[in-house]
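Listed below are the residues making up each chain.
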Amino acid sequence: MAEYSWPAQGSTALVGKEQDRTDGIEKATGTAKYAYDQVFDKMLFAKLLGCPHAHCRVKSIDVKAAEKVPGVVHVAVMKKWDDGKGKEIVPEVRWQGDHLACVAAESEAAAALGVAAIKVEYEELDVFVKEEDLEAAKEAGRTNEGRPDVQMEAEPDENVDESEFADQEFDRLFKEAAVVVEGDYGIHSITHMCLEPHGSTLYWDDDKLIVWHSTQMVSGVGGNFAEILGITAGDVEIHCDYVGGGFGSKFQANAWGGVAAEISKATGRPVKMMLDRDLELKIAGSRPSGFIKVKVGADSEGVVTVWDSVHWGTAGANGGGVDKGNIPYVFNPPNRRRKQIGIVTNTGPEQAWRAPHHPQACAITQTAYDDIAAKLGISSYDVFLRNLASVAPKKQGVSMAETYREQMEIAARLIDWKAKWHPHGKGDADGSIVTGLGMALHTWGGGGHNSKCLLKVHPDGGVETFLGSQDIGTGTRTAIGMVVAETFGLPLSAVKVNIGSSTYPVSGPSGGSTTIGGVSESNRRAAQDALEKLAGLVADKLKVDAANLVAKDGRIQEKDNADNGMSWKDACRLLGMETLEVTGEFKRGPKESPLSSIQVGGVQMAEVAVDRETGVVRMEKFVAVQDMGLVINPKTAKSQMYGAVIMGIAYALFEERIMDAKTGAFLNCELTDYRLPRLGDIGEIVVHLHEPESEYNRGVVGLGEPPVISPGAAISNAVANALGVRVPVLPLTPKRVLEALEKGGNA
Amino acid sequence: MKAFDYAAPEHEAGILELLSATPGETELLAGGTDLVGLMKKLIVNPDRVVNIMEVPTLRGISADSTGVTIGATTRLDEILDAPELDDYPSIKQAIGGIASPQLQQQGTLGGELCQRPRCWYFRSGHGLLANAGRMVAQGENRFHAIFGNSGPAKFVHASRLSPALIALGARVRIAGPGPHEEAILPLEEFFRTPRHEGQREHVLAPDQLLTHVYLPPADAIANAAYEVRHGSGPDYPLTAAAAALSFNGPVVAAARIVLGHVAPTPWVSRPAVKVLVGRIVNRDTARAAGEAAVSEATPLSDNGYKVRLAQVAVARAILLAAGLDTGGF
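Sequence lines, in order, name chains A and B. Residue numbers for the first sequence follow my numbering, so the first one is 1 and each next one is one higher. Residue numbers for the second sequence follow my numbering, so the first one is 748 and each next one is one higher.
A hint or two may mislead.
Covered by chain B, per the in silico footprint, the following chain A stretches (three or more residues, Cβ under 8 Å) [what the hints assert, rightly or not]:
id, region
1, 106-116
2, 225-238
3, 656-668
4, 672-682
For the record, the hints were derived by calculation from the structure and aren't laboratory data. Every residue, glycine too, gets a C-beta built ideally from N, C-alpha and C.
Based on the sequences and whatever the hints tell you, model everything.
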């Protein structure tokens, strides 16, 4: 077995050099087929009836009229009036859009008319959706209060009541603080807005279910289908060559995937079940909101000594919200008391959203840190820098605080912080327009997920690799091809990468920024093992030491004597008649791997202009500096960062789920009303891959999520710096900016 | 979408023949950028759709000494590029604000004026007035009306071109219901606030057709439109205003100020005109006109900020018309 490693930094032929996506042309020209694009003979179109009420009991569902609609082939009721043990129940719906029934028809139009013809008897129940209003939630009995989590430098004596001691200690700390900021901050719920909605196109081949599913988990989601259908995972085959966005929300088969399979079985016909946009937003996933009341004390340098907060928010009908472990975000002040309250709302359920809970935690706490700078009249840069001492975790081999310090210097240089910065609210105005700078920083784990691949080297020189992975936008195919081609000294085009099928070896789900780490691990291992075998054959043939052979420029040759070697093809001929098959496997565990690592930092800075008369915020420039260990493909890495920053600008300035308080209806559930930034709204984005040798030597970490974390706080801080007033709640719409200007407040 | 009869006549009379006098039975199709979505959502369910894009007389731009005539099916991008409309920058600014090449190239003048409100209660099937206005008054009304909202209608009219056209004194020709019947009226009078669910946002009967828009000459009229937009995309503005000014030396001799996205119809502001006439245009007089324009606003529970935005839009439209810097984006 080879000793796994990456080539030394600077000595690579492909890795670390910008490569176009190998499937870019297919994606750009529309020949790439997504689950939504699959078309089969005699295929039915299925549509869901979503519940119009946000909270009700469903007394009955009558589908007789729907079944008579021309073109309707099958109607399935998706609620049950018994508990499965013979006891009668009346099913309860807890959010608008929840699935009641599914209609399959010869056309989309007929399915929609079938849905409209279903008659349902409801008993409406009380609705609560005002997630930002803690008092109203308490009054409505919709809160789940957690116990405060307290950490203090001082310890109470054994016979002293801990909670009383904490009260006294926090009082003392706030009295001793040179500066105290009290503030409210918040960030509203948003949705994932996947361009390709959730769903699948599927059919049965005898007893085997074949599913083209839009998923982040090719190797695992078949088990979820099997569970719903009461069959084994071996009877489900998942295919997914391309995914039109998932962001954490596409790991499941979902009830609508299950019902589509049942209808396909019942009718003997293929079924396409993709959610319409409104249902996609209502039921396929949301990101929890977060609101906080904070009191924070710092010394005269802005170093935070004490933090006291209560935060609340909702993840839907089960309460939930932003995890208190991330409060305050990244920084760990020596004395902190944090209380979390979950709010039970009649809103669609949470799904993981790119770096779950981190963007919200960052947005509602690093804004308070910035307000300390405002109150002291000093630069936010200095306050963030001086608080780095409280950044706890060290990543493997590198200090996090040191990483942040280096990245802050780079970001400041790229945005020209020193020349442009002014104290909060003290910049020069041009008419109604003022400008400001803000920053924030973040952290994320990443690393590699479990991954197994089957690598084949054919006697004719052909190379292909197979794994049940997926490309959710990370450029997985390209990265895999680069890793294998690099190892074999071949051009990228020489490697055929096969992903997107559950018939391939199991590779992990694309979550937690672990895909590039995982697939690089398995493929580098397999390729190094394969090369070792080939080198052995070549060494025998050339009568040289295999340890002195390298794969380079399409040849296997002696390290110091390039003439003594043979072409890749000739080397592969030595395999005889038999294709060389090698399995590469990586299992994530506590043991460090030479090929991948975990934990990254990241610093971002925003420059904004604000029109004070209209409250419109315009992005001028945004700088994102990010470490990610070893960068496989800088081009797709940068692309990930651009996408993350744009998504961050979206939730900082535009995106929000707007609910009708009285009915619990999701009002802006169409793309026409759900506001998103356009090209003209994103300003200049500068991304910097922070990859000194110390980072490169850590191996691959992954970066899908980290760069989406800081934009909310960075942009809010920049707006506060421009205005001299904190706009407390994201997104920073003209309405909220004008209301904050009228009211005044922190910053 | 419900199945429907489809026809595409080639003459104005052919269209009128196919239209029903009963509301909702027939719909006119031009660019379809609004109608098709409403039909897919089953909000609008006509038995017959009459495509009017095949009628040559409804299309095109012509100018003479009496002004400019624009056919109702003329596309927005054709208007944007028309040299005949160089004296009407307010119209081009309003179309520029739509910011979507697709909507500009597919949308038509008539469709722009007749598009349905964006009110989310209407768009989710609660009717144009959403329980006689109660859903809006008691619900989420951050984008709703701050003028003309005392009745059941609380939506804002969706048209982005009409403030500019009304400020310029545009008139419209309406054909039907009979083959030789026609009426010409000021655009301002074309719009109306519906009082009950059966009514639309304009005076067209279900069997009538908007055919042309007439503009008086504007060579002596300084005009501009200003929209307060949240972002740079095709999303509808938060408020808008258009100004058409004529001068006597440096002093405003006459003015028309029209607000958009503040009321169930485009909103003509006479108080703003009163403040402006007889004065020179500068930041102070523009601001005073803006303040006058919103002095009688009646915001709902959650759209008070729109009063401020309407005031700014009026002031900035006036400054732009006078060729001055607005001081903002």
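(request) May I ask which of the numbered hints given earlier this structure violates, with the numbers listed in increasing order? (result) Going through the list in order, the structure violates hint 2 alone and respects the others.
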